[in-house]
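Engineer: Chains as they are written, first to last, in our numbering: chain A, 773 to 1116; chain B, 773 to 1116; chain C, 773 to 1116; chain D, 773 to 1116.
To be clear, the hints were calculated from the coordinates, so they are not data collected in a lab. Source: prediction; values computed, not measured. It is possible that some hints are incorrect.
Claimed, not checked - Cut-off 25 angstroms, straight-line C-alpha distance, at most; resulting in silico cross-link-like pairs (SDA-like, lysine to any residue): (1) LYS1034/C / TYR974/D; (2) LYS997/B / PHE937/A; (3) LYS825/D / GLU1038/B.
Stated by the list, open to error - Over 12 angstroms on every C-beta distance to chain D, these chain B residues come out as not near it, computed from the model: (4) ASP840; (5) GLY849; (6) GLN857; (7) TYR974; (8) VAL1069.
We put the beta carbon where it would ideally sit given N, CA and C, even for glycine.
Protein chains: 4
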Amino acid sequence: MKVSIIGVTGYSGVELLRILHSHPVFDIHSIHSTKVDRSISEEYPHMLHIIDKKVEDIDFDRIGEESDVVFLATPSGISKRLVEQLIDKDIKIIDLSGDLRLKDSSEYIQWYKKDPVKNSILTESVYGLSEWNEESIQSAKWIANPGCYPTATLLGLAPVIIEQFVEPASIIVDAKSGTSGAGKTPSNGTLYTEVNENLKIYKVNEHQHTPEIEQQLRMWNGEIKPITFSTHLLPVTRGIMTTIYVQLIEDLDTDKLIDLYKNTYEKHPFVRIRPKGTFPAIKEVCSTNYCDIGLHVDKRTGRLTIVSVIDNLMKGAAGQAVQNANIMFGLDQQTGLNFSPLYP
Amino acid sequence: MKVSIIGVTGYSGVELLRILHSHPVFDIHSIHSTKVDRSISEEYPHMLHIIDKKVEDIDFDRIGEESDVVFLATPSGISKRLVEQLIDKDIKIIDLSGDLRLKDSSEYIQWYKKDPVKNSILTESVYGLSEWNEESIQSAKWIANPGCYPTATLLGLAPVIIEQFVEPASIIVDAKSGTSGAGKTPSNGTLYTEVNENLKIYKVNEHQHTPEIEQQLRMWNGEIKPITFSTHLLPVTRGIMTTIYVQLIEDLDTDKLIDLYKNTYEKHPFVRIRPKGTFPAIKEVCSTNYCDIGLHVDKRTGRLTIVSVIDNLMKGAAGQAVQNANIMFGLDQQTGLNFSPLYP
Amino acid sequence: MKVSIIGVTGYSGVELLRILHSHPVFDIHSIHSTKVDRSISEEYPHMLHIIDKKVEDIDFDRIGEESDVVFLATPSGISKRLVEQLIDKDIKIIDLSGDLRLKDSSEYIQWYKKDPVKNSILTESVYGLSEWNEESIQSAKWIANPGCYPTATLLGLAPVIIEQFVEPASIIVDAKSGTSGAGKTPSNGTLYTEVNENLKIYKVNEHQHTPEIEQQLRMWNGEIKPITFSTHLLPVTRGIMTTIYVQLIEDLDTDKLIDLYKNTYEKHPFVRIRPKGTFPAIKEVCSTNYCDIGLHVDKRTGRLTIVSVIDNLMKGAAGQAVQNANIMFGLDQQTGLNFSPLYP
Amino acid sequence: MKVSIIGVTGYSGVELLRILHSHPVFDIHSIHSTKVDRSISEEYPHMLHIIDKKVEDIDFDRIGEESDVVFLATPSGISKRLVEQLIDKDIKIIDLSGDLRLKDSSEYIQWYKKDPVKNSILTESVYGLSEWNEESIQSAKWIANPGCYPTATLLGLAPVIIEQFVEPASIIVDAKSGTSGAGKTPSNGTLYTEVNENLKIYKVNEHQHTPEIEQQLRMWNGEIKPITFSTHLLPVTRGIMTTIYVQLIEDLDTDKLIDLYKNTYEKHPFVRIRPKGTFPAIKEVCSTNYCDIGLHVDKRTGRLTIVSVIDNLMKGAAGQAVQNANIMFGLDQQTGLNFSPLYP
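Please put together the full structure from these sequences, using the hints given.
Structural biologist: Here it is in structure tokens:
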């Protein structure tokens, strides 16, 4: 099975290389970015002798003819243009940007401040939250790979939202992310000197992942009201933690909810529920496709705290993309993704 | 004016040294800890040639006779024992531990799991939240210096709580702290290898600062219900950020609330309110006694997000302790505390 | 092929788990440490659902009977005692400590300040610098797995030492290491608060890896004089860089030396020589068994600068140990070790 | 005494603000950079309410008329152009760039690859290594403020070079720096994601500070031969450590050399010599103008290891600049510079 990667010199792109290089079924056929005509190991010396492929210009016809699937590890706005060139080709597309995620294009305009992709494409795209959309993913041609924050948030919230255990207007998500999510383009705010020994909050109540989370929550439970969503930039390279607060409607205790989560995710090896009294730390999923979840009900307030961690480049981007590709091609979901966490 | 410091080899203790060394009125008379009979610069080489005082054993009589004020930079449980030895001496006490903070000793037992100090001492101790208890602090003999998390939380919440703008059961505090707050005693969880490239949540709904926050909130507004309070360990040395979420009762906008905060803290130079659309980062108060606050109302949810940052060793410990000492001795609050933030 | 690990709860031990878990030939039969009778995932939650084996007490007879090879991921001094219990068993031993490395036990006493293992064991132990002792390793029963600093230093120096291109008294090694090399036992010096935003030099001219480096250099070239060796503690978790300075005897240029190194290591996939004008960074080998080397001759001084980087837990400990096990059991050296670097 | 700062929005510029804001004699008269017409606190929110001055365009006439001294916190190449506009004004200049440092302009061309300032300016500029050029600095009009690496290196080497204790061709300087030295301009190599958990060596044998170090060493001892000089980028914001290796000519021991250093720097409060057996760490001088030095002679090799640390933005830039200004205006050298290190 042949794959192409567009946007290979970004951090999600090079993470796709790391995964696919040792994937037993997918074969990296061609890699593309704007930095053409040099070996990938000139841009990323850590790949020396591992992959010495050249970065090529994009030739839509060749990609369409020669590859079975293409990963778009490109920013929002760019993916739109690529998708529009690729839709007529006989190739599956997995887009890691936000361009195919929002079904209502007016929401895209409002939150992304860019031109949306046309509705016909949106309609046929499948939201690739692997654990929850497996059936649609199997038959999809175009996958909107979920955002990093939505992945951690939605996997953490799904069981209690679906069970309708939560007061619909009470959802607060306090999210923290490492810097690799901000990408490789130099900017003042992501310089070492500015991020180190620091914690910054950004896009308060304005993050473009908000409507993506709400769209999926409402598909599970139509009563869900707008959420409060905050994002913080951590001085770490990899990892996202979402600390989620919800008001419980019923009198539920921690044990019962842990049981619910364990049952819900029993068949989903990438979601691990932590034992009572313990919570996941972001380093404990580093370099893997795991989403680890811890839970605690506070009897004093009737509120449930959900802690969900992922590696933003893996389950939050490249890992889930490969998981979706596995599903699309009928492979076991874990194929090529059975990394142990890099700890310490 | 002569000062003694007990617990000088801890991080709050050595921060007191840094401040008091250049304080124009207070003079460091004696320093104490269990690591006696060595120069402080043997324990902390950065103090070489700056302070070459010996660390001494505790002699309560001498301290009481020779010093005007003693800072207890000691852990909860230890402070209790020291206070009980010092109450009969003619000396003011500023205790940086949690031992004098909770008026209801059953709450101390419940959250600290230790024996409380006797009620007569609790009654006479004054909670040293400098910006709000100035009058009581002026005439106090014993100061319960506030905890690091409560300081950031309470300064951030005070104006809207006092104005009764907030739904009483809606307060959620998502707090993040650097490692210096965990102190200098080696433990597995605070090793570099465990904290670096990591984010950990701890004491979920069980942190001993919870009742301290609630006690003060209820003094401002008796209706306040139990809060939700979470703490995270950041891979930074100094700094606390509290991200606070509250449901507004009235339809208030960001501008109006920024005005309220600016007016409230107009005469309080250590509290800085950030302009609309901007939020403080923890590095921006590093090494200073500032508490910086940013605000945003989300029209979609009617919720207010308050972001409050301090340097946990300064406004969260040693800095506020010296601010309180300044007030107790009739000095300008800023005396010896006019550091500019160390940035970058 | 069955393996046992003693010292599994240390950082090298858990890294062995990470490697061996996905090794296609070796099977983890039993894991041991002093923290017995709990699942490894209680000590290391990142291993939840991956390895749920119990940590067992050491039963030398059972280990000897049931396993084919045992890894001792234990500190110097402890390994000695374990080896003495295991030598009569029919089991291969790979010791990651310094106890079997120095052929002259008086050097061990001088640098380690401990009792040495008996000479008969030292004589039969093989120094497991995989790229250089392959033949002896194949037939060895007991492997002294090299130290982290010696591995980076020796792979960097070997070609020019063997060719006798270097003034024998001119070798200076300025080494820098991450904190995982200091192990998991809490100590003041390895607290996050002490290591972060810091760089410390330690054991100046006194590091116990000095005689290990000199012993091997002299086996390559008997003229070699004592070296200067300094070690620094970096604020990173993983990685060692050695910056090595030597005076060249002949007039050699960078191109010629790069050719020499490429030829020397042509058949050794874990040593990668960087192109002229570029140097390796420690993150570029993170999580892998690579040793990357860069070279530059300064015409002004006639000195050669060699830069060599490894992941101290991999090529500097667990990775090289598995590489040696592969060699001992006739497998391809890379078996189970073909990780791509985790970058970023 | 009125001062102007050009290049105020760079890291050395804002560090000058931090120092000068609390300086008892110098008064910040005007601040300049290319980011004009906004308050400095819009660029650096940590300065809110501390300094609310506007950043102004450069008006050479006004600066010359109204200020007594101007600090050029500008890059090499820019300073040249500014100096040429300012030389006719009645104002002292302290230039933090490399433009005035090299007396031989052909060396500037060779190492900086830029046009040099004209010789008449070079001749009259005084190299502001405060501890060694005090007399010339007193009467200087134009100061070439030393580079960060040269400051740490030269203070560490001076006593043994002047005493001619060192083999002239044996000097090796292995230098490590934090990222603030790389400045505030975004670039790929200084992104958090690239620097974090990493150590990179750069400009091997090609750093432009090499001739600056050699020029001063030769003024102390004409026999000195070219040095070997390497620079590494540390994952820390502030701090430089230089680890210096020299071959001793005579049989000297550590005690004797520590005495020599203590005597040499006895009257120089910013240089602190560490007790035998101990070495400085970079955090121990953070935020101060100290240069701390540790020494060790290795009897096995006859080599001396010198470890010298500074805060690159302080003694390596803004701090030494103010120290020089103090000397130029007849003040005590420590005026406004008596910060205690920020530790932890």
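Engineer: State for each hint whether it applies.
Structural biologist: How the hints compare with the structure:
The suggested pairing of LYS1034/C with TYR974/D holds, with an alpha-carbon distance near 22 angstroms, which does not exceed 25 angstroms. With a C-alpha separation of about 22 angstroms, the suggested pairing of LYS997/B with PHE937/A holds against the 25 angstroms cut-off. Annotation: proposed proximity of LYS825/D to GLU1038/B holds, straight-line Cα distance about 20 angstroms (limit 25 angstroms). No beta-carbon of chain D comes within 12 angstroms of the beta-carbon of ASP840/B; the shortest separation is about 22 angstroms.
Annotated as non-interface, GLY849/B keeps its C-beta farther than 12 angstroms from every C-beta of chain D; the closest such distance is 23 angstroms. Taking the minimum C-beta to C-beta distance to chain D, about 29 angstroms, the non-interface status of GLN857/B holds against the 12 angstroms cut. The claim that TYR974/B is not at the interface with chain D holds, since no C-beta of that chain comes within 12 angstroms of its own (minimum 20 angstroms). With a least CB separation of 21 angstroms from chain D, VAL1069/B remains clear of the 12 angstroms interface cut-off, as annotated.
When the structure is compared with the earlier hints, no violation turns up for any of them.
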